[in-house]
Structure formats: structure tokens, C-alpha cells
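Chains as they are written, first to last, in the numbering used here: chain A, 271 to 535; chain B, 57 to 454.
Think of the hints as simulated: they come from the structure by calculation, not from any bench.
Certain hints may be false.
What the hints assert, rightly or not - Here are some chain B residues pointing at chain A (derived, C-beta under 8 Å): (1) 179; (2) 183; (3) 208; (4) 214; (5) 323; (6) 326; (7) 329; (8) 429; (9) 443.
Even for Gly, the Cβ is constructed at its ideal location relative to N, Cα and C.
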Amino acid sequence: MLSCHLAGIGLRAPGLSGWAESRAVLVGHETYRETAMPAVPEQSLLARNTVRRTTYTIRLTLQVAEEAMNAAAMPNAELASVFACSGGDASALDQIFNALTLPDRPVSPNQFNNSVHNAPAGYWSIATQSHHPSTSLSAYDGSFSAGLLEALGLLTTLRQAVLLIAYDVPPPPPLWVHRPIAAPYAVALLLTPKPAATHLGRLHLALAHGQAESRLEEVGLERLRGGNPAARSLPLLQIIARGRENRVVLPYLTDTLLSVRHQPC
Amino acid sequence: MPMHPLRLSAYTTLSALGRGKQATLGALHRERGGLRPCDFEDAELDTWIGRVEGVEEEPIRGELAPFDCRNNRLANLALHQDGFAERVATAVQRYGAQRIGVFVGTSTSGILATEQAYRTRDARTGRLPDSFVYQHTHNVFSAADFARRRLHLAGPTLAVSTACSSSAKVFATAYRHMQAGLCDAAVVGGVDSLCLTTLYGFKALGLLSHRLCQPWDGTRDGLNIGEAAGFALLEWAKPDDRGVALLGYGESSDAHHMSAVHPEGAGAQLAMQRALDKAGLRAEQVDYINLHGTATPANDVAEDRAVVRQFGTRPPCSSTKGWTGHTLGAAGITEAIISCMSIEQGLLPATLNTRTIDPRLSANLLLENRASPVAVVLSNSFGFGGNNCSLIFGNLRR
Chain A
271 MLSCHLAGIG
281 LRAPGLSGWA
291 ESRAVLVGHE
301 TYRETAMPAV
311 PEQSLLARNT
321 VRRTTYTIRL
331 TLQVAEEAMN
341 AAAMPNAELA
351 SVFACSGGDA
361 SALDQIFNAL
371 TLPDRPVSPN
381 QFNNSVHNAP
391 AGYWSIATQS
401 HHPSTSLSAY
411 DGSFSAGLLE
421 ALGLLTTLRQ
431 AVLLIAYDVP
441 PPPPLWVHRP
451 IAAPYAVALL
461 LTPKPAATHL
471 GRLHLALAHG
481 QAESRLEEVG
491 LERLRGGNPA
501 ARSLPLLQII
511 ARGRENRVVL
521 PYLTDTLLSV
531 RHQPC
Chain B
57 MPMHPLRLSA
67 YTTLSALGRG
77 KQATLGALHR
87 ERGGLRPCDF
97 EDAELDTWIG
107 RVEGVEEEPI
117 RGELAPFDCR
127 NNRLANLALH
137 QDGFAERVAT
147 AVQRYGAQRI
157 GVFVGTSTSG
167 ILATEQAYRT
177 RDARTGRLPD
187 SFVYQHTHNV
197 FSAADFARRR
207 LHLAGPTLAV
217 STACSSSAKV
227 FATAYRHMQA
237 GLCDAAVVGG
247 VDSLCLTTLY
257 GFKALGLLSH
267 RLCQPWDGTR
277 DGLNIGEAAG
287 FALLEWAKPD
297 DRGVALLGYG
307 ESSDAHHMSA
317 VHPEGAGAQL
327 AMQRALDKAG
337 LRAEQVDYIN
347 LHGTATPAND
357 VAEDRAVVRQ
367 FGTRPPCSST
377 KGWTGHTLGA
387 AGITEAIISC
397 MSIEQGLLPA
407 TLNTRTIDPR
417 LSANLLLENR
427 ASPVAVVLSN
437 SFGFGGNNCS
447 LIFGNLRR
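Take these sequences, add in the hints, and give me the full structure.
Here it is in C-alpha cells:
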């Protein structure tokens with residue numbers, strides 16, 4: 271059994287603008303409205319001239335990271351990190367693929383930098399000045415579970431706080447047909463080995479087999495969950511929002527699931 | 057407390073140097089590198105590449121045919137060399153398929169398939185051809201998924217993609233999963249294949265050399281890109297085990313720049329220091345260093361400073377990028393395996409193509425192969441985004 275404490279959450283998706291704002295929707299006290307994704311505001315983590323070089327995906331990940339870190343009020347430079355994403359920044363890749371069909375193949379050096387899977391992690395480490403280990407990973411539709419396992423592995427071996435960020439963004443049209451991610455979604459969980467000042471409870475992880483994966487009753491939220499690999503985290507966020515001890519089963523690999531028990535403080 | 061060593065009970069490597077351990081070792085002994093003038097697809101680039109010959113003629117057939125792409129072909133060839141798949145099958149009997157994890161590093165996975173799809177898409181609608189299979193080719197997880205299915209494994213599985221440190225970091229991820237009890241053994245590996253994205257991307261960054269790359273040379277002017285696949289089976293070392301093992305790993309972030317290294321190599325040194333700490337070793341116990349050594353002017357300076365601060369000018373060092381090219385997401389596993397072969401064979405490879413060492417650099421660089429017994433080797437891998445990983449391998453009977 272792998273365990274940790276939860277010290278902060280960041281969340282952005284259509285109709286879910288921040289953790290505090292989303293709790294009432296997640297527990298069913300307010301109706302979920304699939305509003306358009308709010309524009310990603312100016313980053314406070316990055317310098318203005320650096321922001322210009324980033325993509326929507328990078329800014330979205332930094333926004334949820336900032337929300338989770340602000341909630342926990344911990345020194346940012348003391349965090350290790352895990353960035354879990356099914357397919358990376360398809361918009362940056364789309365521009366490269368288009369450039370490769372043109373005469374002389376004018377690939378933009380900045381888009382090439384942004385196209386690597388760990389681009390958000392690179393920008394995050396620059397913004398926070400964290401020199402700690404950082405893993406960027408994918409396990410296709412099970413990327414959130416894979417990220418949670420790697421984050422707990424880092425937390426256990428390093429005995430320090432780890433920021434997990436899971437995100438995916440719909441790819442541009444030519445790729446979207448082959449990978450129809452329905453809406454952007456990003457979540458950040460700040461995980462600590464000991465209870466922090468802002469304590470959102472404990473998480474206990476175990477691999478599971480042959481069980482049914484948890485779903486959401488609310489139709490719109492369930493559609494969001496099924497339409498984005500990172501949104502497979504929603505059932506977990508729901509039981510955290512409810513604040514009563516509970517367990518969810520999240521998808522991981524074709525034959526393996528991840529059981530997560532939340533224990534409020 | 058040093059980490060409990062992880063024995064590499066089987067491993068295999070595939071690169072421009074050759075297919076399998078014997079071919080690779082033969083090329084190393086004969087000092088015959090694997091680079092050639094760029095002849096990949098219709099790329100018109102004045103550079104050298106490390107291309108694996110014959111991949112075009114080796115499609116993936118059978119039930120895993122949807123995975124067919126250059127990247128997975130490299131993985132497929134590697135998994136069937138050196139009796140690797142057979143050794144994994146034996147491990148499955150011992151541990152059970154669910155208890156063996158799969159952790160594979162890649163930078164660009166099978167995106168060559170998407171490049172080709174864009175070039176043949178419908179001119180009117182922009183649609184990509186129906187034959188394009190995104191999930192099993194382009195997606196980052198594809199090679200890890202492929203290896204898991206090919207080896208009939210059912211343990212925890214993920215792809216690490218941190219650019220050029222990807223397949224060094226899989227050793228750390230495997231250790232974490234084993235230490236947490238999520239699996240009892242792990243297959244780690246790395247696969248990256250030539251594609252136009254990286255060739256033209258590195259060209260755009262002004263980092264491709266028009267000549268054979270020359271790490272540490274005073275006239276070095278950039279890197280050559282290569283492709284490779286490699287895998288290793290990791291098991292907890294037992295008291296009377298022989299062979300080579302992972303003794304330590306160290307990871308760090310530069311927190312400096314997306315594609316430029318920290319000029320003093322601060323993050324690189326932190327990774328090396330953490331690897332020594334994890335192994336419970338002192339700097340003077342390291343017998344040989346396999347450098348990241350990309351041969352770009354700035355990277356070699358930063359790594360040289362970091363190595364000399366940490367180790368002084370004593371330990372012999374070399375970069376093997378002049379043999380294989382920079383195999384990006386596969387560089388970590390390729391150089392991890394060359395490091396293990398150095399321990400098993402007592403052969404320290406030369407820094408091929410390098411003639412005159414840059415007078416501003418002071419690490420003890422090997423310009424010729426050296427026959428010398430070594431017990432402990434450190435291997436460096438540093439990637440875009442300032443993502444660093446150093447690994448320490450050693451002889452279990454040292």
C-alpha cells in the first residue's frame with residue numbers, strides 16, 4: 271500500500287474553474303454547466319517575455335500548478351514533480367508536421383522546443399527554480415493513474431513533497447479525428463509525506479484487477495471524464511470534495527486498474 | 057543508506073553500431089563507428105546520421121501489426137536479440153507476468169508515421185489517410201505498450217519522455233516501482249527512431265554538425281542524430297549474484313532554460329552527486345565516466361565543468377556519440393549498456409572522431425580505446441528542459 275497526504279489541488283476544465291469553485295459542482299450542490307473553457311490568463315509564474323514563447327498547453331499546466339502550490343503555501347522550489355499527459359502538445363507538433371510538408375521544411379526552433387513531452391515540466395522548473403527530480407510520462411488513457419503511482423514512488427524514496435500535474439488538450443483537426451479528446455482538462459495535486467498546514471486528507475493507492483471503474487452520475491461530468499485521459503481523475507476529485515472516507519477505481523492499463531482510497535483528516 | 061542494487065540479468069542493444077551485444081562489441085573493438093552521411097528518407101541535410109540498416113524490410117506482422125512503424129520495428133528487433141525475450145519469459149515463470157513492470161523511454165516515439173500521414177493527406181479535406189493508426193505508432197506510450205504485449209507482461213507500465221534523459225530515467229522509475237512493491241522485477245528500455253521532426257528541429261536550433269561529431273574537440277560544431285533501441289531486465293541483486301548492477305541514480309532539473317544547458321553545469325553536477333549518494337560511493341570510487349558528450353560547443357563545456365568539479369581530472373571519460381550518433385530518447389539505455397559492457401569486457405571506448413581536445417576543457421578524455429578493468433562506471437544523460445539523469449553501474453563482485 272502506497273500512502274501520502276494531500277495538501278493542495280488545482281483544476282481547470284470547461285465549467286470547472288479552480289478547485290474551490292468546482293467543489294459544489296462535484297458534490298452535486300450546483301449544476302454542472304459545460305461552459306467554454308475560460309481563457310488562460312496571463313501567467314504570474316513566468317516572466318512576460320517567457321510567456322510569449324509558450325503554448326496554451328504549457329500555460330494551462332502552469333495555471334493548475336500555481337493554484338495547487340498557492341493553496342498549500344509551501345516553498346515552490348522544494349517540490350519534485352510528475353507531469354502526466356497522454357499525447358503531449360499536439361498543437362506544437364501539428365505546426366511542425368505542416369512545416370515539414372513545405373519547401374525547405376521551415377521548422378520553428380521554438381515550436382521544436384515546445385513539442386517535447388517535458389516542455390511544461392521545463393517551464394515549471396524554470397518558474398519555480400526547483401532543481402528536484404521531474405518525470406514526464408504517458409500511459410495513454412491511463413496516464414493519470416501512472417502519474418499518481420510515479421508521484422508516490424518519488425515521494426516515498428525522496429521523502430519530500432511532489433506536485434503531480436495531469437493534463438490533455440484536444441489536438442488540431444487532422445489529428446483530432448484519430449485522437450478525439452473532447453475538451454481541455456488539467457489537474458494538479460500537491461502530495462506530501464507528512465500532513466501540511468492545508469490538509470485535504472490522505473490517499474492510499476493499490477493496484478486492482480477485475481473491478482468496475484468508477485463513473486460519475488452527472489451526465490456532463492461523465493462525458494468530460496470519458497473525453498479526456500486526465501479527466502479520469504474526476505471520480506477521485508469527487509470523493510475528496512465530498513469529504514467522507516471513500517474509495518474509487520481508476521483506469522490504468524488494459525488489464526489493470528488503480529484503487530485510490532481517500533481518508534479525510 | 058545506499059540503495060539495494062538492481063542486477064541487469066539480461067540486456068540487449070541495437071544501434072548504428074550493430075544488432076546485438078556481439079556486433080556492438082565487435083564494432084567497439086575494431087574502432088569502427090556507425091555514422092554515415094545523411095541518407096534518411098528525402099532529407100536534404102548536410103549532416104551525418106546513425107541509421108540502423110534494414111529496418112525498412114522488417115515490418116511487424118501478426119496480431120501486433122497495428123504497431124508497425126519505424127520506432128516499434130527497432131523495439132521489435134531489439135527484443136528478439138541476445139535471447140532477451142527468452143530471459144524475460146523465464147522471469148515470468150518465476151515472478152508472474154503481473155509482477156514485472158515495463159518502463160520505456162522515448163522522445164519522439166513513432167511520430168515519423170504522422171509526418172508521413174501529413175505528407176500524403178487529402179489535399180482538399182486535409183484528412184490523414186485511414187491507414188494511419190495514431191495510438192499504436194505516434195503516441196508516446198506506443199513503444200512501452202508494444203514491449204509489454206510482445207513480452208506478454210502485465211505489470212505496471214509507462215513511457216518516460218523527458219527528451220534525451222528519457223531512457224536513463226526509466227531505471228529510476230523502475231527502482232521506485234519495485235521499492236514500492238508494485239512489481240518484483242522490471243523491463244526497462246529506450247527506443248527512438250530517425251524522423252524529420254528531430255532532424256529539421258535540431259537543424260533549426262543550429263545544432264547539427266556538417267561533419268562527424270567530435271565531442272570535446274576544439275573544433276566541434278554540433279551533433280549527429282542517431283536511432284537506437286535497448287532493453288534490460290532488472291531484478292534485486294542477491295548476495296551471491298555475479299554480473300553488473302545498477303548501484304545508484306541521480307536526477308535533477310537545471311531550472312535554467314528550455315534548450316540551453318546551465319553554463320556551469322550546476323544541474324548536471326547535482327545529478328552526479330545524487331547518484332553517488334544513492335549508491336553510497338565516493339567520487340574517487342568511479343573508474344570510468346560515459347559522458348553525455350553531444351559535441352555541441354556549449355553542452356560539452358558545461359558537462360566538463362560539472363565532471364571536473366565533482367571528480368577532478370582523474371577518471372577516464374569518453375563520449376560514445378561519435379559511434380552511434382545522439383540517439384536522443386534512446387541515448388540513456390544505449391550508453392547504460394555500453395557502460396555495462398565496459399565493466400564486463402574491461403574495454404573503455406574512445407571518443408571517436410575527436411582529434412585535438414579543446415584546451416578549455418580538462419576532463420581526462422580518452423581519444424583511443426583503452427583495455428582496463430573497471431568496477432564502477434557513471435553514465436550521464438541530460439535533456440531539453442534541463443532534465444538530468446546520472447546512473448552508476450558496477451560489478452557485483454568488485
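With a cut-off of 8 Å on the beta carbons, see whether residue 443 of chain B makes it to chain A.
holds, 6 Å
Should the interface hint for residue 179 of chain B be scored as holding, given a Cβ-Cβ cut-off of 8 Å against chain A?
Given a least distance of 11 Å, the restraint on residue 179 of chain B is violated.
Quick check on the hint: residue 329 of chain B CB to chain A CB, less than 8 Å?
Where the cut-off is 8 Å and the nearest Cβ of chain A is about 11 Å from residue 329 of chain B, the hint is violated.
Against chain A, run the beta carbon of residue 323 of chain B and see if the smallest gap drops under 8 Å.
Holds, because the Cβ-Cβ distance from residue 323 of chain B to chain A comes to roughly 6 Å (cut-off 8 Å).
Hint status (Cβ of residue 208 of chain B to nearest Cβ of chain A, threshold 8 Å):
Hint on residue 208 of chain B: violated, closest Cβ of chain A at ~11 Å, above 8 Å.
Hint check: is the beta carbon of residue 214 of chain B less than 8 Å from a beta carbon of chain A?
holds, 4 Å
Should the hint that residue 183 of chain B touches chain A count as held when the rule is a Cβ pair under 8 Å?
holds, 7 Å
Classify the hint on residue 326 of chain B as holds or violated, based on whether any CB of chain A lies nearer than 8 Å to its CB.
holds, 6 Å
Can we keep the residue 429 of chain B interface hint, with Cβ of chain A closer than 8 Å?
violated, 32 Å
The structure does not agree with the numbered hints 1, 3, 7 and 8 stated previously, though it agrees with the rest.
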